[in-house]
Amino acid sequence: MKKGLLTFASRPSIAATGVTAGPLEQQSPFAPLFDKVYDDERSGLLTNEKGHAKLVEDACMIALSKVDSKPGDVDFLLLGDLVNQMTPSNFTAANLEIPYLGLFAACATSVSSLIMAALLTEAGMSQCTLAGASSQHNSIERQFRYPVEYGSQKPDTAQWTVTAAGVAAVTPNKAGNPAITKATIGRVVDLGMTEPLNMGAAMAPAAADTLQRHLDGHGTKITDYDVIMTGDLAKTGFELYKTLVEKAGMDTTTNFRDAGVEFYGNDSNFQAGASGAGCSSTVYFTDIYSKMMEGEYKRVLLIATGALLSPLSYQQKETIPCIAHAIELTMK
Amino acid sequence: MDEKKYATLEKKISPKPQIARNMFTAFVTGGTICLIGQGISLFYTTFFDFTERTSSNPTVATMIFIAMLLTGFGQYKKIAQFGGAGAAVPITGFSNAVVSAAIEHKSEGYVLGVGGNMFKLAGSVILFGVFSAFLVALVKTILVKFGVVSW
Chain Y
1 MKKGLLTFAS RPSIAATGVT AGPLEQQSPF APLFDKVYDD ERSGLLTNEK GHAKLVEDAC
61 MIALSKVDSK PGDVDFLLLG DLVNQMTPSN FTAANLEIPY LGLFAACATS VSSLIMAALL
121 TEAGMSQCTL AGASSQHNSI ERQFRYPVEY GSQKPDTAQW TVTAAGVAAV TPNKAGNPAI
181 TKATIGRVVD LGMTEPLNMG AAMAPAAADT LQRHLDGHGT KITDYDVIMT GDLAKTGFEL
241 YKTLVEKAGM DTTTNFRDAG VEFYGNDSNF QAGASGAGCS STVYFTDIYS KMMEGEYKRV
301 LLIATGALLS PLSYQQKETI PCIAHAIELT MK
Chain A
1 MDEKKYATLE KKISPKPQIA RNMFTAFVTG GTICLIGQGI SLFYTTFFDF TERTSSNPTV
61 ATMIFIAMLL TGFGQYKKIA QFGGAGAAVP ITGFSNAVVS AAIEHKSEGY VLGVGGNMFK
121 LAGSVILFGV FSAFLVALVK TILVKFGVVS W
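Here the protein sequences line up with chains Y and A, keeping their order.
For the first sequence, our numbering assigns the number 1 to the initial residue and increments by one for each residue that follows.
For the second sequence, our numbering assigns the number 1 to the initial residue and increments by one for each residue that follows.
Keep in mind that the hints were calculated from the coordinates and are not lab data.
These figures come from a predicted structure and were not determined experimentally.
It is possible that part of the hints are untrue.
To be verified - Label pairs and their computed distance ranges (CB to CB): (1) Y:Ile222 x A:Leu69: 23 to 33 Å; (2) A:Val130 x Y:Glu97: 50 to 60 Å; (3) Y:Asp40 x A:Ser56: 21 to 31 Å; (4) A:Asn57 x Y:Pro23: 56 to 66 Å; (5) A:Lys12 x Y:Glu296: 29 to 39 Å; (6) A:Val125 x Y:Met125: 52 to 62 Å.
To be verified - A few chain A residues that face chain Y, going by a derived Cβ cut-off under 8 Å, partial list only: (7) Gln81; (8) Val114; (9) Thr141.
Where a beta carbon is used, it is the ideal one built from N, C-alpha and C, also for glycine.
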């Protein structure tokens, strides 16, 4: 089924990235690449949600400062987060006064916003678009699970929502920067998983489906890429995803990575690893972006996965529908 | 892949809950909490004018107070991650459920936030606790009436 495939002939570029993160995230192996880290989960503000909005706004301003721009120069702002009705992104948009589209694809928003930015640029309607995704541990935990201080034993399959925001400035093709060349819009895949403390398992089939569709649709193979990185499957989900991909006859041993597995190193205090819309966006916009700028990676495939559940849907015993969007970046 | 096949694969690959280890840590944690409670009870009967029966009220209050402090300082969740049910079942777990919800919702104000959400987690414990106590009392009352057991 060759639907949902996108090719960007004009090769829009990621001209700059801005990444902010919370205090716990300072122990991430990617922390040296973060633009700004806060010593306080709320960035010294009154509520978690205000702290969340600050995280996003700072990431936007940092990305803009790197391309010598101010909010007035930006055509579109495409942001998403996981808080109800995405208020942190909305407040950021209110402060920046950039024409704004809020996007929700759960943790896959990092890629869905990049795809939208690339489309607007490809259409010749944008000279600079800010695209990004974010999450803040406390405000997401309280919404989807329990109060932060509530003592409940998390199973080994549980994931830890990161406090981080990653924003990219997408412009028409710019030599010396990674270019967005192809993308695949995911289908919602639901294989009947119901456990919100094992979201990696729910998301893995969506990632495998999008990978397969991207490879088949664009006529590429796994070995064409320096790295194929999923967003936040974490240990359990990543194992399942690799198993599914191997069952389809592909080799996953050389260039497969997962941001959720790597985000907190291998610290078992975070159970299976990281999750959250900020997880994939920060790793993509730090580690992957800088390795492309340095020339270590020439061609990468980024697949961000999102679990499209709500606290209401799982309390009503619904399954967890999941999505994965893929975007391909190349460096000349 | 169909749902059944995937469910089998998921079961195979997802790490199993370490039941034996969890039972052991729950036993140690719950036991330690109860031992502390016993010590406090002993303290009240030794140094104050309490009997074994009447000392339970101040003991429970003290345990709730300690758990409240531990919750506020971010320590109870660590104990609970280690101890599981051993930390959840004693009165300290109940305290943690109430206090954590109160802390969490302070940002929405005292009435709609703290007041409205404090028993969000503990509410069902209270409801079903009171209801099952009522049922047990009913059964015992009937049994006493028919002379099967005595108070």
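Here is how each hint holds up against the structure:
Checked against the given bound of 23 to 33 Å, the beta carbons of isoleucine 222 of chain Y and leucine 69 of chain A, roughly 54 Å apart, lie outside it. For valine 130 of chain A paired with glutamate 97 of chain Y, a C-beta distance near 54 Å keeps the hint of 50 to 60 Å intact. Remark: the range hint 21 to 31 Å for aspartate 40 of chain Y to serine 56 of chain A is contradicted by a beta-carbon distance near 41 Å. Roughly 41 Å separates the CB atoms of asparagine 57 of chain A and proline 23 of chain Y, a value that falls outside the hinted 56 to 66 Å.
Judged by the Cβ atoms, the range 29 to 39 Å given for lysine 12 of chain A and glutamate 296 of chain Y holds: they are separated by roughly 36 Å. Under the hint 52 to 62 Å, the C-beta atoms of valine 125 of chain A and methionine 125 of chain Y, about 56 Å apart, fit the expected range. Interface restraint check: glutamine 81 of chain A against chain Y, minimum CB-CB distance 6 Å, threshold 8 Å, status holds. For valine 114 of chain A, the suggested interface contact is broken, since its CB lies about 12 Å from the closest CB of chain Y, more than 8 Å.
For threonine 141 of chain A, the interface hint is violated, since its Cβ never comes within 8 Å of a Cβ in chain Y; the closest pair sits about 36 Å apart.
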